[in-house]
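4 protein chains.
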Amino acid sequence: MRFYSDNTATACPEILEALTRVNTGRVKAYGDDEWTRELDGVFSDYFGREVRAFPVVTGTAANSLSLATLSPPYGAVFAHQQAHVVSDECGATEFFSNGARLVLVPGENGRMTPETLQAALEAIPVSVHTVQPAALTLTQATELGTSYRLDDLAALTDIARRHGLKVHMDGARFANALEFLGCSPADMTWRAGVDVLSFGATKNGALAAEAVIFFDPQLVRDFELRRKRAGHLISKSRFVSAQLLAYLQSGVWKRNAARTNALARKIGAAAGSALLYPVEANEIFLQLEDAGKRTLRAAGFEFYDWGAERSGCARFVVSWDQPEADVEALCRALQSLSRT
Amino acid sequence: MRFYSDNTATACPEILEALTRVNTGRVKAYGDDEWTRELDGVFSDYFGREVRAFPVVTGTAANSLSLATLSPPYGAVFAHQQAHVVSDECGATEFFSNGARLVLVPGENGRMTPETLQAALEAIPVSVHTVQPAALTLTQATELGTSYRLDDLAALTDIARRHGLKVHMDGARFANALEFLGCSPADMTWRAGVDVLSFGATKNGALAAEAVIFFDPQLVRDFELRRKRAGHLISKSRFVSAQLLAYLQSGVWKRNAARTNALARKIGAAAGSALLYPVEANEIFLQLEDAGKRTLRAAGFEFYDWGAERSGCARFVVSWDQPEADVEALCRALQSLSRT
Amino acid sequence: MRFYSDNTATACPEILEALTRVNTGRVKAYGDDEWTRELDGVFSDYFGREVRAFPVVTGTAANSLSLATLSPPYGAVFAHQQAHVVSDECGATEFFSNGARLVLVPGENGRMTPETLQAALEAIPVSVHTVQPAALTLTQATELGTSYRLDDLAALTDIARRHGLKVHMDGARFANALEFLGCSPADMTWRAGVDVLSFGATKNGALAAEAVIFFDPQLVRDFELRRKRAGHLISKSRFVSAQLLAYLQSGVWKRNAARTNALARKIGAAAGSALLYPVEANEIFLQLEDAGKRTLRAAGFEFYDWGAERSGCARFVVSWDQPEADVEALCRALQSLSRT
Amino acid sequence: MRFYSDNTATACPEILEALTRVNTGRVKAYGDDEWTRELDGVFSDYFGREVRAFPVVTGTAANSLSLATLSPPYGAVFAHQQAHVVSDECGATEFFSNGARLVLVPGENGRMTPETLQAALEAIPVSVHTVQPAALTLTQATELGTSYRLDDLAALTDIARRHGLKVHMDGARFANALEFLGCSPADMTWRAGVDVLSFGATKNGALAAEAVIFFDPQLVRDFELRRKRAGHLISKSRFVSAQLLAYLQSGVWKRNAARTNALARKIGAAAGSALLYPVEANEIFLQLEDAGKRTLRAAGFEFYDWGAERSGCARFVVSWDQPEADVEALCRALQSLSRT
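Top to bottom, those sequences are chains X, S, U and W.
With my numbering, letter number 242 in the first sequence gets 242, and the count goes up by one each step, no holes.
With my numbering, letter number 297 in the second sequence gets 297, and the count goes up by one each step, no holes.
With my numbering, letter number 71 in the third sequence gets 71, and the count goes up by one each step, no holes.
With my numbering, letter number 291 in the fourth sequence gets 291, and the count goes up by one each step, no holes.
Be careful, since some hints might not be right.
[Said to hold, decoys possible] Keeping only pairs whose Cα atoms sit at most 25 angstroms apart, straight-line, the calculated SDA-like set for lysine to any residue is:
1) S/LYS254 / X/GLY25
2) U/LYS266 / U/CYS313
3) X/LYS266 / X/ARG339
4) W/LYS28 / X/ALA123
5) W/LYS266 / W/GLY312
6) S/LYS28 / X/TYR304
7) U/LYS28 / W/ASP326
8) S/LYS28 / X/GLU17
9) U/LYS28 / W/CYS331
10) X/LYS266 / S/GLY25
11) W/LYS266 / W/MET1
12) S/LYS254 / S/TYR277
13) S/LYS266 / S/GLN249
Think of the hints as simulated: they come from the structure by calculation, not from any bench.
Could you build the full structure based on these sequences and the hints that come with them?
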């Protein structure tokens, strides 16, 4: 019973079938095919305004290409200290931007706050002697399975705007946050002050498909050249675009997120006082003794120890294809653990 | 009747089906799945010695990650002046290596020669004042649809070796060259002095799958970190690895290359004196008057004008799924053109 | 009465005169002159073992070239969170290394400790998913005017060694630390585990001259190409080398450091409880009320407010050419302040 | 009798004395001193319009910082194939710009022509698949000791402008070209379409001083951050600025250039048919047999063999401090050679 990550999941049938559906005819490569050309329109409908949408195959590519477009090499990019761009992309932000610096912003439950962001900004003087503030990146849902509320986003992007920063959202688990908030894609992005979005589909049912969404069309030309240069312009683009189209048009994005969020909430509830952070997406973080971990593993549950500092933390992620039985078994096991 | 590029093709059924076959169970992400782990063995068998094989999704990624592993930032990378890394990757080599320089080596029919390589090497003194020779990259088959003979490869890699250069092969159309030469994968690579190979499958029937093959295992650790950092480590790796496994194990690689080579030869023969370069893979380059191009396009043939300098050049590429009827029609049209 | 920085100082007569002394004859450029060739020998004597010494003109160049030589692009460089490379070089480390990451290590009084370094190292798993530990940089004297003891250095470099890190020392105020410790240059560098040293002379009396000292000769070739490529190989090298020779051979390095350290100690003593950190070089950091600062400034003392977070901190630096009267006046003013 | 390079020369007394003159008082560092602040005004007078002037210490820094400000990482920078940025800066352009590509433009006598530039531009399609034209760099005087005429410059920069390129001038030997043309600094720069100039002083009598001159003030902020980040913001800036002020204000720039040009012309005339290129600055390139070179060297003349391709080429450079006797002796020797 694997709870390692939503990356361990299979691909959703609706998405896999779409590959077969587009597998017909010789079409122009590098995005000049009918399906890729459809993306702008489909995503514009989804977001309730005109956007530009570009397919890529990894979240790291989506994030780092976006940030390189938003920050000069001498820029500072403000990120939560536990963000994926900080700890799980092997310095991709630095590589793509030619050395922009990630400034680590603290905050409880994986979320920075207006106060912590403000403090981080104020620590950097206007000067040629240090990197200069350029961009803010917000992860929604966060790396700790929580979600910013719309007010939180507005407050943070407002500070960013006043300091001249562009705003990026890492939406590797975008659908999960959206389901949790119950708001529209527009509300959680451009209406909340986001300029560029990494829109994730892979973790929620695709094979390998993410979209970079630009709410500010001026940045697009730079992005397109950077994408090609980084080897992230797929020649047979139809096979990535088809995944994104199927993901949006079949409603898979919503169905899967709703399901994994609900299952994750059950696990969180079963965990009782072991629960470290509120469950606001499809991830659950628990404080467990070594003995507890051993018991769970002996019972066939697979999960990662999490975090170098915080010994005892365990992460469980519910995948879109997680059998309900796995979740029920885990709930029972956790309840039994907390009784001991 | 599209002859734009082999990138316009569909995916081969054997490969598409493999995606469904591996779409089962929650498996570890980022290459730690059973199919990805199989790659080293399968490619070692293919190459007749132990190799390390890493899946990526574009040729640009395969080439530039390889070259970044082989060259320091102040290195010179010797490439044919019409190589893909020179003209079609938007400076990816420079980006991934942090500024290594492509030194353009001339040569007829898309091939450098021992003399032109030697001359290019001798033009660079040992000095801190200029970039220092680091790597040689050979495209096989070349961008002009020709193939190096084994003796050519040996002579070039021998020069490289004596100057301390590592050798990379851009094998975006590896199978086509191999079919043309009728030799073994070993003969055309490590036995000919190649250290790292970009092994292409996308153009020859995959959706998006290339493998970087290391014949020198010492370089692997650096490569793996660069790949992740560049956003080219796919989370659900099974879907790329499955393509490569199917490509090799089903014999698709050979069948498709044999077919497209044969069809291309037919077109070349039909073109008569318009043929610019010998047809030694699946590409045909023709010298055509504007009137001739118009006639062909009016008859429904789609192809690219080629090259900025050489006006009048047209490129035709045969895809693995090209209907035989397309090819026959094109042959007739060319024969008719040459009679006028 | 300026206490802004030791960068505000003039050049020492011994050093300025050396420029005139070498201003004779047409000599080979780019370091192939008799004075530059002398550097290796003179610095080898100074450090009591064979070293390689390379002149550059700024501390930022010395530090970032050194660190780029020690760290791959995906490396983590461990630095105290208040180090100059962190806050005062505009991301030069990231630029020169193509995106290595500075990992900020905390510690009282500008010094990291074995515990804080160990914790920072342990927070980074061996993995392709995050930057990998590559180098440690220690500032001696530190940015807060303190100095590591020899035991501190040994303990820190020992941890570094065990984790496979190379060790760099930022010695912008090397002579001040050396004077404070009263040890030999060998003791404070290679005997303490340092691989590469930025040896500063500018702040202590030169016009613009620093040396990068390699205790490990294997790294030298890479460094030399990086230096040229970064525009830091001076064509008329004699004018930088002459400064370094005069600095060492005239004893200026020692005389100036002894004087500024002593004057700084006086100021520290006069400051009483306002003193924030022990005075172990030529810098004094004071906790002052706004009123106190205004009083001092009204009396003609010029100094910087220091630090964005720590309001109330003021930095005073004693330059080699600081009039004794300035210092006496400052001492009186501080004593008078503390009485109010 | 050394004719290796004008980099072998001493510093001019007027410039060396200026160092002593400014060596007084503790002044703010990093360019906030009275002499550095004077530069904008003095250079504005020199160029007959408002400019911004920034001191650096090497030509490589001046060139590569300028070009990094003018070109994105995916940009193409058009340079003559024998330009200094191509062959003598170890890839600094690529490093500072994070991988912009130098496109080599041919042309007789070290000068590109409107035709060769136009052809190079037209070879690059508007596309994401290849680097996109960003900047033109012109060397004045050229690496072969020739100078562009004002009409040449206008024609080239006009092409650049029409293709959206910014224009940089590498003026390492600016004064020599100016003296040769007998025009004003304004005529040879902004009136001829130059946006940014590397204004050299080192080769013509300074110790280590170049200025980057911006005729377009919008680019300045980016430049300043890049300069600091590259370690090229000198802390005790006064010592670089003083050189530039003395260079301009004493008339040394003109006197030295006039002298070295005149002496070079004499040598060129004496060389007869061995002369390879017209002498339009302070360099002379000769076609010499091995025997001829040996004879000259035996007679005490020191000079470089030049160029890897062109065997037999020898370069002689006249330094500002070259004894007239050296030149007379060389003339006699050359005349004697040509008689044999």
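Comparing the hints with the structure gives:
no.	hint	result
1	S/LYS254 / X/GLY25	holds (22 angstroms)
2	U/LYS266 / U/CYS313	holds (19 angstroms)
3	X/LYS266 / X/ARG339	holds (17 angstroms)
4	W/LYS28 / X/ALA123	holds (23 angstroms)
5	W/LYS266 / W/GLY312	holds (21 angstroms)
6	S/LYS28 / X/TYR304	holds (11 angstroms)
7	U/LYS28 / W/ASP326	holds (17 angstroms)
8	S/LYS28 / X/GLU17	holds (23 angstroms)
9	U/LYS28 / W/CYS331	holds (22 angstroms)
10	X/LYS266 / S/GLY25	holds (22 angstroms)
11	W/LYS266 / W/MET1	holds (16 angstroms)
12	S/LYS254 / S/TYR277	holds (23 angstroms)
13	S/LYS266 / S/GLN249	violated (28 angstroms)
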